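With the hints as extra help, turn the sequences into a complete structure.
For reference, the chains in residue letters:
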Amino acid sequence: MRRLPLTVFSLIFFAFLYLPLAVIVGYSFNANPVNMLVWEGFTLDWYRGLFGLDRSFDPQSRTVYVESTPQMLAALRNSLIVAVSTTCIATVLGTTAALALNRYRFRGKALWSGGLMVPMMMPDIVLGIGLLIFFTSAGMRLSLLTIIIGQCTFLTSYVFIVVQARLAGLDPALEEASADLGASDWVTFRKVTLPQLAPGLLGGALLAFIISMDDLVITYFISGSGSQTLPIYIFGMIRRGVKPEINALATLIILASVLIAGLGLWLRARGDRK
Amino acid sequence: MTHRQRVQLFLLLTPVTVFLGVFFLIPLGTIAVYSLLTPGLYGGVEWSFYHWNYGRIFGWADGITEVFEPVYLHILLRSLGLAAATVAICLVLCYPVAFWVAGLAPRWRMLFLFLITLPFFASLIVRLYAWLLLLKPSGLLNTVLMGLGVITEPLDILYTPVAVILGMVYIFLPFMFLPLFASIDTLDRSLIEASGDLGARPVQTLLKVVLPMTVPGIVAGGVIVFIPAVGNFIVPDVLGGAKGLMTGNLIEQQFLSSRNWPFGSALAMVIMALVLGVLLVFSNRARRAGGRT
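Chains as they are written, first to last, in full-length UniProt numbering: chain A, 1 to 274; chain B, 1 to 293.
Hints in this document: simulated from the structure, not taken from any laboratory.
Since the structure is predicted, the reported quantities are computational estimates derived from the model, not experimental observations.
Every residue, glycine too, gets a C-beta built ideally from N, C-alpha and C.
Some clues are possibly wrong.
Derived list of chain B stretches under chain A, where covered just means 3 residues or more per stretch with a C-beta under 8 Å from a C-beta of chain A [what the hints assert, rightly or not]:
#1 23 to 33
#2 108 to 119
#3 129 to 141
#4 224 to 238
#5 260 to 267
#6 271 to 279
Next up, the structure:
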């Protein structure tokens with residue numbers, strides 16, 4: 001087998017995957033205020049500017065972003081509110097659906113299991129405008145609430161798939177044994193099913209949280225003027241022009257999402273091995 | 001099923017059914033309804049049947065209230081072309097790598113699978129922004145290429161369809177990789193050896209043995225990449241410019257700036273029909289191919 005060319009190609013592939021992220025991290029420390037693509041020296045100014053920590057910042061030579069700190073923090077807060085709420089709701093909805101489809105036999109089951117995947121497969125933009133028309137015709141003002149409702153539709157699909165996969169791998173004999181020993185359905189669920197299901201639940205919830213924090217397209221259509229989330233805030237910043245502060249913010253976001261995702265994937269890998 | 005089980009099932013299934021019924025099915029239905037309504041004068045709608053929204057896209061506009069502009073059809077075809085190109089490039093890049101990762105020792109396999117999935121979780125908008133920086137005339141790509149003497153003038157890739165394809169390939173690579181890997185991983189490697197022992201050249205083995213057996217993975221990866229690619233509007237918005245405009249951008253404009261919701265809904269219906277068509281055709285084909293091997 002000619003393995004060497006394949007190995008070289010694959011390593012280049014992985015470099016291609018990580019190069020763009022590395023580039024942002026690198027630029028975020030570049031001191032050049034005129035052209036951030038030309039390296040001038042190391043600085044933490046953009047991070048300071050981001051948090052408004054630099055008191056001696058001179059607005060004449062280095063433009064601080066007008067909408068900088070308070071708006072960014074408001075967007076971050078909105079994102080967290082939305083992500084925590086959607087994670088809770090979607091985890092409950094997705095898990096109940098997975099339990100129903102895994103533990104019971106009923107007519108139209110295939111319809112449900114297929115239908116629960118559709119929100120995930122639907123192109124973002126179609127769902128986004130559908131929700132926009134729906135909320136405005138229903139007379140609902142666009143707010144964090146509309147974002148939470150909108151995101152829960154497709155996040156439920158994701159949780160459903162993760163939990164379903166975990167449920168399918170569980171040994172039904174344990175539940176049967178519990179029932180034979182006289183435990184009620186509820187006790188069996190609490191003491192037998194739920195502990196075994198925990199890694200799946202956690203994995204599904206983490207996935208929902210990350211995807212919610214990152215959702216741009218659907219949120220873009222159903223967020224009102226006062227309910228910007230972080231991705232929308234960054235999207236707006238980029239549309240207005242490239243600023244070095246974006247690099248610093250982007251670096252922090254990469255760091256945070258990689259940490260959360262790393263934790264989730266590690267937990268899952270550990271759960272699989274057990 | 002006992003009465004108690006029936007009650008349990010009802011309690012488990014009702015919340016999700018009601019929620020998705022109200023906030024997913026009804027919104028999709030309203031798109032269909034809106035696409036057949038008359039656009040009002042100042043961004044509203046009039047509740048009367050109107051098929052010229054579709055006529056404006058496909059060519060039976062009456063020429064008075066609505067005019068057929070071939071540009072919509074062009075943009076639709078361009079979206080299809082860009083999405084197809086994205087699928088093809090993702091496939092060509094991922095296939096050898098999936099093959100390589102599948103042949104690694106379990107420890108390394110875990111590591112590289114982890115490395116594939118990780119960028120998917122690093123914010124989409126941040127990853128696109130990275131390409132905006134890379135492709136700028138004074139960006140890293142041009143600096144390196146000019147430093148190496150490959151080119152003398154900076155390449156003008158940014159704000160072209162090429163930039164859109166690059167961006168979409170980058171963000172959708174993990175979508176293609178994982179189903180491909182799942183398919184290649186279950187491949188019986190002794191068949192490859194057998195093919196070689198029987199005198200087939202590596203290319204023959206690839207085309208006649210390996211590829212046909214991994215068709216389900218190829219189809220699944222292709223569908224999963226094609227669907228978000230064809231209706232995409234963020235990538236063309238950030239990297240595309242006027243020449244890289246896709247149907248997604250057109251829909252966004254109809255809703256947020258031109259305020260012609262019925263026309264935007266008609267465009268969204270076309271995207272939805274395309275996606276459903278692809279799903280129907282290819283999920284059947286994948287099943288058949290899967291059954292054959």
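Each hint, compared with the structure:
As drawn, the stretch 23 to 33 of chain B meets chain A at 7 residues by the rule of a beta-carbon pair under 8 Å; at three or more, the given contact holds. As drawn, the stretch 108 to 119 of chain B meets chain A at 8 residues by the rule of a beta-carbon pair under 8 Å; at three or more, the given contact holds. Taking a C-beta to C-beta cut-off of 8 Å, the stretch 129 to 141 of chain B contributes 10 residues in contact with chain A, enough for the three needed, and the coverage statement holds. For the stretch 224 to 238 of chain B, the assignment as covered by chain A holds, since 9 residues bring a beta-carbon within under 8 Å of that chain's beta-carbons and 3 suffice.
Counting residues of the stretch 260 to 267 of chain B whose beta carbon lies closer than 8 Å to any beta carbon of chain A gives 3, which meets the minimum of three for the stated coverage. Proximity of the stretch 271 to 279 of chain B to chain A, defined as three or more residues with a beta carbon under 8 Å from a beta carbon of that chain, is established by the 4 residues found.
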